[in-house]
Structures are given as C-alpha cells and as structure tokens.
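From first to last, the protein sequence lines are chains A and B.
Going by the numbering used here, the first residue of the first sequence is number 28, and it counts up by one from there.
Going by the numbering used here, the first residue of the second sequence is number 256, and it counts up by one from there.
Heads up, none of these hints are tricks.
Under the rule of at most 25 Å between Cα atoms (straight-line distance), these lysine to any residue pairs were calculated in the SDA-like manner:
id, chain 1, residue 1, chain 2, residue 2
1, B, Lys397, A, Arg39
2, B, Lys389, A, Arg29
3, A, Lys122, B, Ile278
4, A, Lys295, A, Phe282
5, B, Lys546, B, Glu525
6, B, Lys393, A, Glu121
7, B, Lys373, A, Leu128
8, B, Lys327, A, Arg135
9, B, Lys374, A, Arg39
10, B, Lys374, A, Leu128
11, B, Lys512, B, Glu547
12, B, Lys546, B, Leu459
Since the hints were derived computationally from the structure, they do not count as laboratory data.
Listed below, chain by chain, are the residues.
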Amino acid sequence: MRFLTLMFSTFREAIAKKIFLGFFIIATIIILFFLFLINVDSVEGMVNMMESSGEEGVRQLVTGFEVGMINLSYLLVITFCFIAVSSFIPSMLEKGNIDILLSKPVSRTNIILAKFLGGVLLIFLSLTYLIGGVWLILSAKSGFWNVPFLYSIPWLTLSFAIIYALIILIGVTSQSTILSIIVSMFLVFVICPVLYVRETVIFSLVTNSTIQFIINFFYYILPKPGDINQIITDIITGSPVKSYMPVYSSVLFMFAALSLSIFYFRRKDY
Amino acid sequence: MPVISTKDLTKEYQSRTFSKDKILALSNFSFDVKSGEIFGILGPNGAGKTTLIKILLGITFRTKGEVQIFGKEINDDSYKLKIGYLPENHRFPSYLTGEQALNFYGMLGGMNRIDVKKKSDEYLKIVDMEKWRKTKIKKYSKGMLQRLGLAQALMNDPELIFLDEPTDGVDPIGRKQIRDVLTHLKNNGKTIFLNSHLLSEVELICDRVAILNKGSLVTSGTVDELTSVSDTFRFTVSEVNDDLIQSLLNTYKAVIKSQKEFTFRAETGEDLNKLIDFLRQKNVLILGIEKEKNTLESMFINLIGSQN
Ligand SMILES: Nc1ncnc2c1ncn2[C@@H]1O[C@H](COP(=O)(O)OP(=O)(O)OP(=O)(O)O)[C@@H](O)[C@H]1O
Ligand SMILES: [Mg+2]
Chain A
28 MRFLTLMFST
38 FREAIAKKIF
48 LGFFIIATII
58 ILFFLFLINV
68 DSVEGMVNMM
78 ESSGEEGVRQ
88 LVTGFEVGMI
98 NLSYLLVITF
108 CFIAVSSFIP
118 SMLEKGNIDI
128 LLSKPVSRTN
138 IILAKFLGGV
148 LLIFLSLTYL
158 IGGVWLILSA
168 KSGFWNVPFL
178 YSIPWLTLSF
188 AIIYALIILI
198 GVTSQSTILS
208 IIVSMFLVFV
218 ICPVLYVRET
228 VIFSLVTNST
238 IQFIINFFYY
248 ILPKPGDINQ
258 IITDIITGSP
268 VKSYMPVYSS
278 VLFMFAALSL
288 SIFYFRRKDY
Chain B
256 MPVISTKDLT
266 KEYQSRTFSK
276 DKILALSNFS
286 FDVKSGEIFG
296 ILGPNGAGKT
306 TLIKILLGIT
316 FRTKGEVQIF
326 GKEINDDSYK
336 LKIGYLPENH
346 RFPSYLTGEQ
356 ALNFYGMLGG
366 MNRIDVKKKS
376 DEYLKIVDME
386 KWRKTKIKKY
396 SKGMLQRLGL
406 AQALMNDPEL
416 IFLDEPTDGV
426 DPIGRKQIRD
436 VLTHLKNNGK
446 TIFLNSHLLS
456 EVELICDRVA
466 ILNKGSLVTS
476 GTVDELTSVS
486 DTFRFTVSEV
496 NDDLIQSLLN
506 TYKAVIKSQK
516 EFTFRAETGE
526 DLNKLIDFLR
536 QKNVLILGIE
546 KEKNTLESMF
556 INLIGSQN
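All chains should be built: construct the whole structure from the sequences, respecting the hints.
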C-alpha cells in the first residue's frame, strides 16, 4: 500500500507538470488527425493503389502509417516525457522534502523502485492512449487490424524505462534536473545515433582499430534505442528480427543503472 | 525502559565531496529519553541538534555509536510506524493541497484510507487549518506550512514525536496552541523530542533538557535543576558605606551590584544567618532577601558563552 501510494504520487506530480499536459494535447491532436483527416477511401493515390494491388495496398499503407507513428511516438516520449520525469528525483531530494519521506516506514530501495515503476507505468498508459487510439481508428477505417502494432506499446515503454533508469541515476547522484535532461538528451540524440551508425558511417572514417574497439565497447554497454526501434519496426512490418542482442544489453544497462542508484541512495546522508 | 537511548553517538560529515576534511557534527553523545516526557535539546546554530534527530530517524547515518529506539536497534524501518516527525524548514510538494498532503503522508506512514480521512479532518481542525484544506500549499504562509507540518507529524498517532523548531514562524497565539497540543499529547502518554531556540518556550513545556554545543553534551537535567542557581541570595539593603563593602567583598565573597544591592552565595543556612547577623550588627537595614533563579536563557548564555 505504501509502495503503491508512492508509485502513484508520480502521476499527480506529472499532471502538475504542465509539460506532461503538452504530451497529451499532442497525442490527442494526432488521434483526431487520424480520426478526421485520414480517410482511407478518399486518399487519391490510395484508391489507385487499392485498384492495382487490392488488400495488399491497404496493408502497406496502414503499416506505413504505423511505422511513422512509432518514430513519432518515440520522439514525443524522449522529448516531453524525459523532461517531465527528469525532475521527479531531484524534487524529491530537496531539503525538507526528503526528510519527511525518509522518516516514513518505506525503505530507500522501495522509494527508488516506486519512482521508477511509477514513471514507467505512467508512460505505458500514455503510450496506450496514443498508440491504442491511433490503432483503433486506423484499423476501423481500413479494416486491417494489425495487432503487432500494439506490441510497440510495451516496446517503446521498455525503451523509455532504459533511459529513465539513467535519468534516475543522474538525478540521485547530482540532484539536478537540468543535468539529467542534458545527459539523457545528449545520449539519446547524439551518442546513441552515432553508435548506431558506427559500422556504416563512422568506421569508414575512423580506421584505427583501437578507436574502433573503444567505439564498439561503448556501443555494447550503452543503451541502444535506435536498434530497439528497428526491432519494433521489423515486428510490425512482419520482417524477421536480426538479433535481440540490443534488447538484452540495453536491459542489462537499465538494471545496472537502477542498482547503482539504489546503492548510492541507500548510503547517502540527507 | 527508555524510548530513545544513544551511546557514544558520533557523526562526521564530509565537508565536501571527495574531500578528506571532516565536520564533527556530533561527538560521543550519550543520552536517554524516558517514556512520556517532553525532552528538549538546546544548542547554538550548528551544534548538531538536527543531525541528532536525523540519525535517530535514519535520514543520516552515524559514523559510530549505538542507537536504540523503543528498546531495539534501528536496523529496519518498522519503528517508523510509531513515529512522527516535523523537520526544520520542511517542504511539501507545492502542487498538493493541504488535505492531499496529509492524505499522502498518512498513507506513507502506514495508515489506511479510512483512518487517513478521519485523522486529517481531526488534525486540520486541531492546528486550525480547516479553512485552507483545499488550497494549494504553494499559497501557504510560513506559519500555515508549519501548522500543516505539525498535523502531518501527529496524524498517525505516533508514540514518539520529533519536532525540529516546531514553532518557527508561528504567531504567538499559534505557539500557545501548539504548546497546548504538545501538553495534551504528553498527558496521553506520548513522548516528545523537541529542538528549539525559543528558550522561554522550552522552559514552559519541557520536562528535561540537554544542552548541546559543537556536537558534545554540555549538561542535561530538568528545567528546574538547570535554572535554579543553587544557593545564591540577592540582598536589598539600606545604603552601605565603603568600609562595609570591603568586608562584604573580602570576608563574605559577596558580589556587589550597587550600594544597595549585592548577592551572596551561602553553602548552608548557617552561613546566610551569619551574614544577616553581621549586617544587623552594623546597623544595616535589610529590605529584602531573595533566592536567585536564572532564566533558562541566561543560564544558556552563560554556559555557551563561556565555552566559545
Ligand atoms: N549534509 C551535511 N553535510 C555536511 N555538513 C553538514 C550537513 N548537515 C549538517 N552539517 C554540519 O553539521 C553541523 C551540525 O549541523 P546541524 O544542522 O545538526 O545543526 P543544528 O544544531 O540543527 O543548527 P540550527 O540550530 O542552525 O538548526 C554543522 O556544522 C553543519 O554545517
Ligand atoms: Mg537544526
């Protein structure tokens, strides 16, 4: 009960943060866009496609929208949601606030876990709203019910959870919202994309094998949201998934970041 | 069995991250708080009072020493079910209303939904905050925050209550109300552990006090023990001449305040009467004899002042 109270307190905090409201407004606009504007029958090219390739064409169009949606949702999550959750830990650790919290019969491990799971559940529900809404409308309009698209909800949630664990680690150690945002954004927008294209782009520029080794090393230990997005896309479009290694290693990273956060938090004087 | 018992409690803070310099916030502090008493800790700023409370609550970790609360080592969090705490300069999430904050902290304190509802109503009334229950905390004044903090500390019906500067920022009427609440709690057998700078207030409600300076225990005892300066008497007399003053100074070791007033330390009643006889012999008119009593404040200032 105490754990759940703490977990759901993140919901109220998120709602109080106007930025999270932004996510919902945009999600709602996207859903309305699909509801009113995308009319499968009236899209000119669409009709032609249906005539030429029939049901297959509809499938392709719908899957195309869905893949686009995943990239869009991913972008929304890492901008709006990261910024919204980045302040959870630092604001909890503020002097005077953390004192009361720690005087309650809740263990420090549970405090971190509750904040983590609360944030993850929050994003899961938000993604369910956005992706579930779009899926319902697209499917109802096209008659093509592509269930694998819904799998992107847990997958994107996982992507979020991996980076959120890092945000928690930075929040606990630095107590700074700004730093949490900067580091996670830098990781997601700069480091990860660079590592993602290391074989195709970077290694053709950098031929020194030691540097290549170092780059590879970071690729393997850091989270791999790009690869995970590719895996989600493969699942939706029905293409075979090459390797689940990016998932395992990213999840490992998540557990490592969480464990470190808990380790640090349990020893810290407030 | 004492409710709180510490032995050689020591706390060293790191002065900065990665620095080897230490700040000694508490050093070999041993004391007991008995069940059902109001215990006050006094001390100048930075003496280590807040640090002491934080160690007792597991917010900060001791460097060495022993702590027992309710007769048990504080290894897990279960003792916190029976504890209430009002930190100094506490801060609630400002987007909550007063009522929501009480609900949240009540639930975290292990209460169920029904009790939380009942108790938050009750305590909002006690701290006189009913009018403000639906108002966001960010709009509260300092004293209002303090009242809400007190309600938060008391609502789970704790056996042991820690209050760090409970009347900070509260107006005189509010302070009186808070004192009444504390007395009421004491009458119901609760133990209260209090930090305060307002010595006149401590004097009014604390059964026992300990004085802390630079992390060490200076003295402790009941308020009466600490304030009654033993056996010093203040004499008011008709004007005495310089000769007499000399003999008062030399023979009787009196402290002369003016030509009409001096104090005298008498070990026994006999000593006191000898001085009276002497004065009467010299035809001095004794206008008054009073036993001296310090205020807690003057005692405190003397004690701490002499240490610094
Ligand atoms: N987190 C911390 N890190 C380092 N030093 C600290 C920390 N908290 C307190 N101190 C130091 O420990 C000493 C005792 O501080 P403490 O807050 O216990 O004093 P206090 O008696 O409560 O003072 P006040 O009356 O001003 O509230 C001070 O020298 C303070 O600088
Ligand atoms: Mg203090």
